[in-house]
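> Two chains, two frames, some hints: make the complex.
Protein chains in written order, with the working numbering: chain S, 76 to 201; chain W, 30 to 140.
Treat the hints as calculated values from the structure; they're not laboratory data.
You can take every hint at face value.
Okay, the calculated beta carbon distance ranges per label pair:
id, chain 1, residue 1, chain 2, residue 2, range
1, W, Ser86, S, Pro88, 36 to 44 Å
2, S, Asp163, W, Asn126, 15 to 23 Å
3, S, Arg141, W, Ser55, 26 to 34 Å
4, S, Tyr177, W, Gly56, 14 to 22 Å
5, S, Gly89, W, Lys45, 48 to 56 Å
Virtual Cβ for every residue (Gly too), placed ideally from N, Cα, C.
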Amino acid sequence: VQLLESGGGLVQPGGSLRLSCAGSAFRFSSYALSWVRQAPGKGLEWVATISAGTDTTNYAVSVKGRFTISRDNSRNTLYLQMNALRADDTAVYYCATSPQYYDTLTGYYSFYFDYWGRGTLVTVSS
Amino acid sequence: NFMLTQPHSVSESPGKTVTISCTRSSGSIASNYVQWYQQRPGSSPITVIYENNHRLSGVPDRFSGSVDTSSNSASLTISGLKTEDEADYYCQSYDSNYQRVFGGGTKLTVL
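Just chain W, same shape as in the assembly (with noise of 0.2 Å):
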């Protein structure tokens, strides 16, 4: 199995660019793809990324998603920063015995 690792927070501000990565321990990146979810606090998860980088419908294009074989990570960029961004952000895979794995997720501060 592997481990998913992103930063436990980040912050920006308002109307800037911000970038999530998410590591993965071993095996390639691009073997599998990656997923990202927002949860906002108090709500439940909500899909903004699957599939490395198609947007679920309605998810606002200000939303990317990337993988970089070079640095075995996924990222998450979210440019023109709102407010209402403020969340923790969780990036998922699989392994090859279809278990589904996430990270610890990323708390965005937008300050």
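One chain only, chain S, in its complex shape (with noise of 0.2 Å):
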């Protein structure tokens, strides 16, 4: 599995950015996927996971409703729109395959993340 993020920068208070994510070496369209952030010195904040087939998407209250996930699986793409951001956004962004389901043995359901990419850095800086 292999995940390549670009697209951050350096982008003004109330701007907006695109990112995105290129997999390969797996079958794309079956994996669920996420971004998640690390804001400088700080730990691990999950933003957003998209679904692989029905393209469900699920959000982080810090962004929902500024930011959107989307995914072109013909192009072996994720994306994440960031409108509105503000300095706290700051941050490197990760993509990761994100296994999501419902083991119906256990009786739960699992959400969590397998393989990360490099990351980008994204600056909300005046």
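In structure tokens form, the structure reads like this:
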């Protein structure tokens, strides 16, 4: 599994940016995918997930209404459209494959991240 | 929602065993699976444990995960410590709205 993020950079507060994540060496369309970010010197924060088949999306409260996750399976690419950016959105953004399923034997849902990209840095500053 | 609390840092000597805890603030730790991620300095995270105690392919069996309902916590245990294990470790679970929750991370020093 290989994931390569791109599209990061410097943007002013209130601005927009679109991140991309190109996947290779796996069946891209079969995997749910996520964005996870890490502010400088801070911990990991989940941002959003998109399902494999139905394109169902799920967002962290901190980005809901401002960010949109999408995918183009024909291009093996995941996207994150970020609008109304704020200084606290400054972070390295990672994409990751994200198994999510209901295990009928155990009765548990499973939501985790298994393979990660190298990340792309987004800096929101004037 | 709930929080996952980890110790800020732990340290241990090479060859020894270390355990990192992850305590859930409300609700049972056994309600949802817990995962563990390793992040070496300057690198992206890698997954070491998923669904409480399963190692991702390629992860050495020196790494193990467990859940303890009496302390409402999950633990990552690393035995036979190596200098290459020095990293930040994060636990992760999810809530009833499928929001993924990370712990604050633990810095492991192997000295």
